[in-house]
Amino acid sequence: MKLYELGLETLRQQLHEGLILETGPFRSRIVSHAPEVLSGLWRLYGEFPIHTGGFCDFHVRVDRVSGLRRWWRPQITFGLDGGEPFKPLPADHAFASLEWGLNWCISGHAHHYLMLHAAVLERNGLAVILPGEPGAGKSTLTAALVLSGFRLLSDELALIDRDDGLLVPLARPVNLKNASIDIIRAFSPGAVMGELAHDTHKGTVAHLKPPADSVARMAEKALPAFIVFPRWKADAAPRLTPHSQADAFMHAATHAFNYDLLGRLGFDLNAAMVDRCECFDFEYSRLSEAVRIFSDLVS
Amino acid sequence: MSEIDPGWRIAPQASLALRFWDGECVLYHGASGDTHRLPEEIGRLLEQLAGGMAEIPQLVEAINLHSEDVQRALLELARLGIVEPVQ
Numbered sequence: 002m003k004l005y006e007l008g009l010e011t012l013r014q015q016l017h018e019g020l021i022l023e024t025g026p027f028r029s030r031i032v033s034h035a036p037e038v039l040s041g042l043w044r045l046y047g048e049f050p051i052h053t054g055g056f057c058d059f060h061v062r063v064d065r066v067s068g069l070r071r072w073w074r075p076q077i078t079f080g081l082d083g084g085e086p087f088k089p090l091p092a093d094h095a096f097a098s099l100e101w102g103l104n105w106c107i108s109g110h111a112h113h114y115l116m117l118h119a120a121v122l123e124r125n126g127l128a129v130i131l132p133g134e135p136g137a138g139k140s141t142l143t144a145a146l147v148l149s150g151f152r153l154l155s156d157e158l159a160l161i162d163r164d165d166g167l168l169v170p171l172a173r174p175v176n177l178k179n180a181s182i183d184i185i186r187a188f189s190p191g192a193v194m195g196e197l198a199h200d201t202h203k204g205t206v207a208h209l210k211p212p213a214d215s216v217a218r219m220a221e222k223a224l225p226a227f228i229v230f231p232r233w234k235a236d237a238a239p240r241l242t243p244h245s246q247a248d249a250f251m252h253a254a255t256h257a258f259n260y261d262l263l264g265r266l267g268f269d270l271n272a273a274m275v276d277r278c279e280c281f282d283f284e285y286s287r288l289s290e291a292v293r294i295f296s297d298l299v300s
Numbered sequence: 713m714s715e716i717d718p719g720w721r722i723a724p725q726a727s728l729a730l731r732f733w734d735g736e737c738v739l740y741h742g743a744s745g746d747t748h749r750l751p752e753e754i755g756r757l758l759e760q761l762a763g764g765m766a767e768i769p770q771l772v773e774a775i776n777l778h779s780e781d782v783q784r785a786l787l788e789l790a791r792l793g794i795v796e797p798v799q
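So the sequences go chain by chain: A and B.
Add 1 to the 1-based position in the first sequence for this note's numbering, that's all there is to it.
Add 712 to the 1-based position in the second sequence for this note's numbering, that's all there is to it.
Any given hint could be a false lead.
Claimed, not checked - Quick list of simulated restraints, FRET-style, between CB atoms:
#: 1; chain 1: B; residue 1: R749; chain 2: A; residue 2: S286; range: 58 to 64 Å
#: 2; chain 1: A; residue 1: K3; chain 2: B; residue 2: P724; range: 53 to 59 Å
#: 3; chain 1: A; residue 1: K3; chain 2: B; residue 2: R791; range: 54 to 60 Å
#: 4; chain 1: A; residue 1: H112; chain 2: B; residue 2: S744; range: 19 to 25 Å
#: 5; chain 1: A; residue 1: G204; chain 2: B; residue 2: R721; range: 52 to 58 Å
#: 6; chain 1: A; residue 1: A217; chain 2: B; residue 2: S744; range: 43 to 49 Å
Stated by the list, open to error - Computed footprint of chain A on chain B; a stretch qualifies when at least three of its residues, placed anywhere within it, have a C-beta under 8 Å from a C-beta of chain A:
#: 7; region: 722-733
#: 8; region: 736-750
Stated by the list, open to error - Over 10 Å on every C-beta distance to chain B, these chain A residues come out as not near it, computed from the model:
#: 9; residue: R163
#: 10; residue: G204
#: 11; residue: N259
#: 12; residue: R265
#: 13; residue: V275
These are computed hints drawn from the structure, not numbers from a lab.
Note that CB positions come from ideal geometry on N, CA and C, so glycine has one too.
Just chain A, same shape as in the assembly (with noise of 0.2 Å):
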């Protein structure tokens, strides 16, 4: 069943006892008293499968902190199996806390992959891995291809498979901060976007909602074909220039967020990864450019 078969209402109580969310490998129960969560999900998360029982691997509540803090600047907490791993943040922070905590039970607990601060889209098959510094523009290209037919495996987290080394997708929602939101609504101005949050500790944040075909086929992993680093610059005629492969294998290792948990299979891992891949650096301007010089390279 789909979220958005539910209804709103339904959802709702749901989520007050409980909502299973499929997303990508994970499964995550839910359980949120906030309009912000009910409304986030409502509006992003409609395409993804809910189930009624089984095994979770994440038990999560975002909810209002009680006490005075109810009425007079309400905040919300993030949990995890009944502890509190975060400070309260503003309540209207509560479904951006929601997106952001799901990437950390993700990023410090699923070791069975190696985990890579990078997005991933795919297109024909082939896997484009975008590692990238704050500020890179990597969030802002990442939801551009994917209004441009690119299918999103992630916007954040490379997870790479241990038994196959194939990338494996979440097809979560694309975290977008400050400029880049109305960049991208610019570029698409049917783009669908949550609400935004203000003056979270990235500034404003407002989450794209990812294309039902990246979520209908989040069961379907991806080969690694290319690392790109791309570099936002103004005025920049777009530019692809071959990038070391063994600095993108550094990189990669020194911006995992497991590889020296992982030890020697973390090395393979990334190494059979690097081995897979053509590796770029990418330098532009134009998103309507930098989906040209993409199409062309998965073409």
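Start from chain A and add chain B according to the hints.
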């Protein structure tokens, strides 16, 4: 050199893995859990030593580096616990 320095080998517990790409290599050092990015020649030197103990002249011939460079590399690799002189 060989009288003072009879030979070098991979440290017994080093547990190494090497991968080469375009003139560079990455080395996994299992004993420390560290990963190093190295010039290809140093990777080739480690490959030579993985085949068995070697003296510096043999390594110089095998990997086409100056003796001083080989010696410097061996000392640095020894400092990291990756290779060791044979006593």
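ask   = Holds or violated: 43 to 49 Å for the Cβ distance of A:A217 and B:S744?
value = At 45 Å between Cβs, range holds.
message = Just want to verify: A:R163 was marked as not at the interface with chain B; is every Cβ pair farther apart than 10 Å?
response = Holds: least Cβ distance 16 Å, greater than 10 Å.
task = Could you tell me whether the CB distance from A:K3 to B:P724 stays inside 53 to 59 Å?
result = This hint holds: roughly 57 Å between Cβ atoms.
ask   = Can the suggested window of 52 to 58 Å be confirmed for the beta-carbon pair A:G204 and B:R721?
value = Taking Cβ atoms as reference, A:G204 and B:R721 lie about 55 Å apart, which means the hint holds.
key: Distance restraint hint 19 to 25 Å, applied to the beta-carbon atoms of A:H112 and B:S744   = Roughly 20 Å apart at Cβ, these two residues keep to the hinted range, so it holds.
ask   = Is the nearest CB of chain B more than 10 Å from the CB of A:R265?
value = 6 Å, violated
query = If you check the beta carbons of B:R749 and A:S286, does the distance land in 58 to 64 Å?
reply = For B:R749 and A:S286 the Cβ distance comes to about 31 Å; the hint is violated.
task = Three residues minimum, CB to CB under 8 Å: does the region 722-733 of chain B make the cut for coverage by chain A? Let me know.
result = As far as the region 722-733 of chain B goes, the hint holds, because 4 residues have Cβ atoms under 8 Å from chain A.
A:K3 versus B:R791 beta-carbon gap, inside 54 to 60 Å or not = Since the Cβ atoms of A:K3 and B:R791 sit about 59 Å apart, the hinted range of 54 to 60 Å holds.
request  = Establish whether the coverage given for the region 736-750 of chain B by chain A is satisfied; the threshold is a Cβ-Cβ distance below 8 Å, and no fewer than three residues must meet it.
outcome  = holds (count 8)
key: Least C-beta distance between A:N259 and chain B, which was stated to exceed 10 Å   = 12 Å, holds
inquiry  = Verify this label for me: A:G204 is non-interface relative to chain B, using a Cβ-Cβ cutoff of 10 Å.
reply    = Since the minimum Cβ distance to chain B is about 34 Å, A:G204 lies beyond 10 Å and the statement holds.
When each numbered hint is compared with the structure, violations occur for hints 1, 12 and 13.
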